[in-house]
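Asks: Starting from the given sequences, assemble the full structure and let the hints guide the process.
Protein chains: 2
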Amino acid sequence: MKNAVLITIGDEILSGNTVDTNSNFVATELKNIGIKVSQILTISDEIETIKKAIDSAFQIGDLIITTGGLGPTRDDKTKKAIAEFFNDEIALDEVTFNHLKAYMERRGRLEILERNREQAFVPTKSKVFQNHYGTAPCMMMEENGKLLFSLPGVPYEVKPLIKDQIVPYLHEKFSLNYITTRIVSVVGIPESILADMIEAWELALPENLALSYLPVGTRVKLRLTATGENEPFLTQQLEEEIQKLLPLIKDNVIATSEDKIEKILAEILTERKLTLSTAESCTGGELTKMITSVSGSSAYFLGGIVPYATEKKIEILKVKKETVEGFTVVSEQVAGEMAAGCQKLFNTDIALSTTGVAGPGKGEDGKEVGTVFYTIRVGDQAVNSKLYMPHLERLDFMHFVSQKVIQDLVAILISEEK
Amino acid sequence: MKNAVLITIGDEILSGNTVDTNSNFVATELKNIGIKVSQILTISDEIETIKKAIDSAFQIGDLIITTGGLGPTRDDKTKKAIAEFFNDEIALDEVTFNHLKAYMERRGRLEILERNREQAFVPTKSKVFQNHYGTAPCMMMEENGKLLFSLPGVPYEVKPLIKDQIVPYLHEKFSLNYITTRIVSVVGIPESILADMIEAWELALPENLALSYLPVGTRVKLRLTATGENEPFLTQQLEEEIQKLLPLIKDNVIATSEDKIEKILAEILTERKLTLSTAESCTGGELTKMITSVSGSSAYFLGGIVPYATEKKIEILKVKKETVEGFTVVSEQVAGEMAAGCQKLFNTDIALSTTGVAGPGKGEDGKEVGTVFYTIRVGDQAVNSKLYMPHLERLDFMHFVSQKVIQDLVAILISEEK
Numbered sequence: 001m002k003n004a005v006l007i008t009i010g011d012e013i014l015s016g017n018t019v020d021t022n023s024n025f026v027a028t029e030l031k032n033i034g035i036k037v038s039q040i041l042t043i044s045d046e047i048e049t050i051k052k053a054i055d056s057a058f059q060i061g062d063l064i065i066t067t068g069g070l071g072p073t074r075d076d077k078t079k080k081a082i083a084e085f086f087n088d089e090i091a092l093d094e095v096t097f098n099h100l101k102a103y104m105e106r107r108g109r110l111e112i113l114e115r116n117r118e119q120a121f122v123p124t125k126s127k128v129f130q131n132h133y134g135t136a137p138c139m140m141m142e143e144n145g146k147l148l149f150s151l152p153g154v155p156y157e158v159k160p161l162i163k164d165q166i167v168p169y170l171h172e173k174f175s176l177n178y179i180t181t182r183i184v185s186v187v188g189i190p191e192s193i194l195a196d197m198i199e200a201w202e203l204a205l206p207e208n209l210a211l212s213y214l215p216v217g218t219r220v221k222l223r224l225t226a227t228g229e230n231e232p233f234l235t236q237q238l239e240e241e242i243q244k245l246l247p248l249i250k251d252n253v254i255a256t257s258e259d260k261i262e263k264i265l266a267e268i269l270t271e272r273k274l275t276l277s278t279a280e281s282c283t284g285g286e287l288t289k290m291i292t293s294v295s296g297s298s299a300y301f302l303g304g305i306v307p308y309a310t311e312k313k314i315e316i317l318k319v320k321k322e323t324v325e326g327f328t329v330v331s332e333q334v335a336g337e338m339a340a341g342c343q344k345l346f347n348t349d350i351a352l353s354t355t356g357v358a359g360p361g362k363g364e365d366g367k368e369v370g371t372v373f374y375t376i377r378v379g380d381q382a383v384n385s386k387l388y389m390p391h392l393e394r395l396d397f398m399h400f401v402s403q404k405v406i407q408d409l410v411a412i413l414i415s416e417e418k
Numbered sequence: 001m002k003n004a005v006l007i008t009i010g011d012e013i014l015s016g017n018t019v020d021t022n023s024n025f026v027a028t029e030l031k032n033i034g035i036k037v038s039q040i041l042t043i044s045d046e047i048e049t050i051k052k053a054i055d056s057a058f059q060i061g062d063l064i065i066t067t068g069g070l071g072p073t074r075d076d077k078t079k080k081a082i083a084e085f086f087n088d089e090i091a092l093d094e095v096t097f098n099h100l101k102a103y104m105e106r107r108g109r110l111e112i113l114e115r116n117r118e119q120a121f122v123p124t125k126s127k128v129f130q131n132h133y134g135t136a137p138c139m140m141m142e143e144n145g146k147l148l149f150s151l152p153g154v155p156y157e158v159k160p161l162i163k164d165q166i167v168p169y170l171h172e173k174f175s176l177n178y179i180t181t182r183i184v185s186v187v188g189i190p191e192s193i194l195a196d197m198i199e200a201w202e203l204a205l206p207e208n209l210a211l212s213y214l215p216v217g218t219r220v221k222l223r224l225t226a227t228g229e230n231e232p233f234l235t236q237q238l239e240e241e242i243q244k245l246l247p248l249i250k251d252n253v254i255a256t257s258e259d260k261i262e263k264i265l266a267e268i269l270t271e272r273k274l275t276l277s278t279a280e281s282c283t284g285g286e287l288t289k290m291i292t293s294v295s296g297s298s299a300y301f302l303g304g305i306v307p308y309a310t311e312k313k314i315e316i317l318k319v320k321k322e323t324v325e326g327f328t329v330v331s332e333q334v335a336g337e338m339a340a341g342c343q344k345l346f347n348t349d350i351a352l353s354t355t356g357v358a359g360p361g362k363g364e365d366g367k368e369v370g371t372v373f374y375t376i377r378v379g380d381q382a383v384n385s386k387l388y389m390p391h392l393e394r395l396d397f398m399h400f401v402s403q404k405v406i407q408d409l410v411a412i413l414i415s416e417e418k
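Taken in sequence, the protein lines are chains A and B.
With the numbering used here applied, the first sequence corresponds to residues 1 to 418, in that order.
With the numbering used here applied, the second sequence corresponds to residues 1 to 418, in that order.
If you are wondering where the hints come from, they were derived from the structure by calculation, not from laboratory data.
Treat each hint with caution, since some may be false.
For identical chains, the list gives no copy identity; a pair is met inside one copy or between any two copies.
[Claimed, not checked] Below are the EDC-like pairs computed for lysine to aspartate or glutamate, each with C-alpha atoms no more than 20 Å apart in a straight line:
#1 Lys344 / Glu311
#2 Lys77 / Asp93
#3 Lys51 / Asp62
#4 Lys31 / Glu207
#5 Lys260 / Asp396
#6 Lys127 / Asp88
#7 Lys101 / Asp259
#8 Lys31 / Glu46
#9 Lys263 / Glu393
#10 Lys36 / Glu12
#11 Lys52 / Asp88
#12 Lys344 / Glu315
#13 Lys344 / Glu332
#14 Lys2 / Glu46
#15 Lys221 / Glu12
#16 Lys244 / Glu416
#17 Lys367 / Glu311
#18 Lys244 / Glu118
#19 Lys244 / Glu229
#20 Lys163 / Glu393
#21 Lys244 / Glu258
#22 Lys36 / Glu48
#23 Lys163 / Glu105
#24 Lys125 / Asp408
#25 Lys344 / Asp380
Replies: Dropping the structure here:
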């Protein structure tokens with residue numbers, strides 16, 4: 001199997017200013033064509049550091065993909081480092097320059113600055129992949145059958161370069177093994193107990209299959225990966241192993257194919273033609289965003305509301321004033337009335353609601369940070385739940401709770417089916 | 001200055017299943033106490049690979065922090081690798097075991113499985129930092145003045161361990177340099193032109209100051225970092241340089257301290273006592289989430305609505321049916337009426353609206369993927385804008401648009417002030 005090393009170049013990642021999302025995207029795309037990422041390295045924007053990293057990466061991988069360090073400003077040194085590493089010169093590439101000129105003209109920039117022109121300079125031995133969404137081209141160097149691709153760092157430039165140009169190129173260049181993956185989502189069993197329950201099955205897995213445990217909130221994702229030359233055979237192998245696994249943990253499995261909980265929900269709602277709406281307070285839009293992040297969600301998701309101020313819960317969702325006064329706004333009762341009001345406002349089969357204190361400041365009624373009440377209303381049945389997650393930071397809290405609400409809804413819908 | 005290397009252990013990151021957010025968090029926290037992260041390395045869960053990575057990391061850094069690979073399941077090998085690297089044995093630590101027992105009892109798990117008990121086994125030479133939010137403790141090894149901390153991989157366990165225990169420990173252990181940072185947010189100038197405009201200033205910066213360009217959507221963040229022993233002096237140095245910079249690009253600067261656009265907005269709205277509401281379609285909750293992600297946002301943000309289905313825009317926001325029929329739902333006119341309806345529904349000074357096609361599927365009225373209209377309504381003044389971003393994936397599109405809307409609002413509010 002071919003091995004890749006990803007090198008992320010940029011002080012903004014080392015300093016914690018930016019989260020590296022490129023590596024995740026590139027790793028996923030490479031996995032799909034059977035290339036394994038064996039290392040991801042983030043380094044600073046210094047010529048010697050970059051050269052050293054390329055050198056050590058070539059000792060591990062057949063293929064290096066670097067991102068970052070190709071912008072038009074003074075702090076970018078990747079191109080120079082690459083030329084030096086391969087004993088090459090940098091020169092103006094006419095094709096790239098014309099592409100760049102056309103790109104800038106389309107964006108109304110008729111004058112090409114010296115700084116921009118510099119971006120059309122590439123190592124003379126490089127093969128260029130033109131960047132249709134930015135000014136820095138992707139350059140490929142080849143030596144002794146090993147490849148280095150150098151890409152800019154902006155995620156929306158990286159994605160099309162990888163997907164539309166580099167992946168097809170690699171697929172043609174190498175004859176690759178296939179890697180196929182299935183994810184089994186398990187709820188209601190802690191990881192360690194689950195591991196005991198399926199130990200015998202795990203130990204008996206064929207050699208080309210690997211199992212990983214990925215805890216996500218209160219769900220455990222079992223990832224089963226098969227590697228080999230024959231793709232249909234791998235698919236069949238995975239299916240057979242999952243069929244052996246299911247009887248061991250049947251009641252706790254909520255999905256055996258889709259990975260993300262919001263996609264699992266999408267499958268169920270689409271199939272059963274159910275509609276959904278949301279009323280969020282402490283999750284602040286995150287729950288709605290998770291749901292709408294699924295392409296096609298408009299088929300079942302009719303709308304959401306974030307009545308952040310208490311009086312908006314009363315005015316728009318018809319939460320009773322007495323309920324707020326009697327139980328405070330962070331209460332099971334208010335969550336229940338929010339869900340009922342939401343279901344009515346959007347006229348949906350299912351309504352979800354959250355009310356809590358995301359922190360770090362205390363809520364207006366003094367409820368403890370990390371407390372949340374949520375209601376899942378399916379038809380005229382309401383399930384009320386409480387969570388207490390004081391250790392999560394604000395955004396993590398919003399995400400964790402949203403995920404848990406969707407997960408609980410999935411569990412309810414599945415148990416109805418059984 | 002002390003140097004750190006972060007090692008992330010886990011096949012789930014190399015395979016693209018999980019985004020590594022721990023490194024970002026740890027890097028930020030270390031930066032705040034003057035420790036520089038010089039490398040981030042992600043490797044797979046194999047004993048030899050882990051040992052090699054530790055070895056090469058100690059050649060660069062004074063300090064290694066590993067995350068991941070400490071779970072109770074079969075695929076975790078970090079602890080063994082560490083013990084082997086330091087020629088140590090693993091043995092049961094009574095204090096850790098009692099901590100673990102108490103932790104599990106608090107969570108209602110009275111029977112301790114063999115697998116869980118294994119988590120209280122640590123290298124005999126290690127100093128243990130107890131984990132209050134999970135079962136795997138943090139272990140520290142020390143050799144020749146160099147430190148290695150090994151942490152579990154779950155982000156909400158990593159954060160308190162780093163923040164409450166490791167950072168204070170390091171602060172006491174080393175006498176550290178300070179690193180101070182200021183971010184200047186610039187809009188309306190492309191990066192390359194900006195670089196030309198401030199070139200002379202940049203070249204004249206004192207040696208202990210470093211400048212980086214961080215493009216975020218259509219905004220460029222200039223990050224100015226100062227390193228030295230005297231914190232008040234660094235703060236003053238940064239302020240002086242920013243005062244020299246401002247006259248060069250004054251009209252394009254929207255902030256000189258806060259970093260995130262939603263926090264810049266928070267400052268302005270809080271200071272001017274303005275209230276805000278949102279009505280989102282194609283951004284699906286992301287805009288609202290960005291706004292509520294700021295602690296204290298309930299002071300100015302009264303509420304948001306995501307009327308995803310067209311009829312909900314008509315029913316709840318009073319968008320006119322004729323407007324939808326005449327101009328389609330993805331139009332300047334609908335965006336304008338959504339903002340007006342939203343302002344009325346939530347009774348706020350400012351209302352924001354978005355309507356567009358996030359893709360990948362086309363919108364119901366055939367508008368092209370990546371098209372979005374948005375309205376910013378301040379008082380009775382409305383500004384309508386259009387964006388066309390066909391190359392962004394669904395979630396990136398939702399985020400990019402949300403960011404741009406907030407950025408435009410900030411620019412409007414600042415230009416009003418001037």
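Asks: So, for every hint listed, does it hold in this structure?
Replies: A quick look at each hint next to the structure:
1. Lys344 / Glu311: both (18 Å within a copy, 14 Å between copies)
2. Lys77 / Asp93: within (18 Å within a copy, 49 Å between copies)
3. Lys51 / Asp62: Within one copy only: 16 Å inside a chain, 22 Å across chains, cut-off 20 Å.
4. Lys31 / Glu207: within (19 Å within a copy, 44 Å between copies)
5. Lys260 / Asp396: Both. Shortest intra-copy (17 Å) and inter-copy (17 Å) distances satisfy the 20 Å Cα cut-off.
6. Lys127 / Asp88: within (13 Å within a copy, 50 Å between copies)
7. Lys101 / Asp259: Neither: 42 Å inside a chain and 33 Å across chains, both beyond 20 Å.
8. Lys31 / Glu46: between (29 Å within a copy, 19 Å between copies)
9. Lys263 / Glu393: For Lys263 and Glu393, the Cα distance is within 20 Å only across copies (16 Å; inside one copy 25 Å).
10. Lys36 / Glu12: between (26 Å within a copy, 12 Å between copies)
11. Lys52 / Asp88: within (16 Å within a copy, 31 Å between copies)
12. Lys344 / Glu315: both (14 Å within a copy, 12 Å between copies)
13. Lys344 / Glu332: Only inside one copy: Lys344 and Glu332 sit 19 Å apart there, 29 Å across copies, limit 20 Å.
14. Lys2 / Glu46: Between. Shortest inter-copy distance 18 Å satisfies the 20 Å Cα cut-off; intra-copy 28 Å does not.
15. Lys221 / Glu12: Cα proximity of Lys221 and Glu12: across copies only (11 Å, versus 32 Å in one copy).
16. Lys244 / Glu416: neither (24 Å within a copy, 67 Å between copies)
17. Lys367 / Glu311: For Lys367 and Glu311, only the intra-copy Cα distance (18 Å) is at most 20 Å; the inter-copy one is 37 Å.
18. Lys244 / Glu118: neither (59 Å within a copy, 28 Å between copies)
19. Lys244 / Glu229: For Lys244 and Glu229, neither the intra-copy (23 Å) nor the inter-copy (63 Å) Cα distance is at most 20 Å.
20. Lys163 / Glu393: Between. Shortest inter-copy distance 12 Å satisfies the 20 Å Cα cut-off; intra-copy 34 Å does not.
21. Lys244 / Glu258: within (19 Å within a copy, 54 Å between copies)
22. Lys36 / Glu48: between (27 Å within a copy, 18 Å between copies)
23. Lys163 / Glu105: Neither way: Lys163 and Glu105 sit 25 Å apart in one copy and 49 Å across, limit 20 Å.
24. Lys125 / Asp408: Cα proximity of Lys125 and Asp408: none, with 56 Å in one copy and 44 Å across.
25. Lys344 / Asp380: within (11 Å within a copy, 31 Å between copies)
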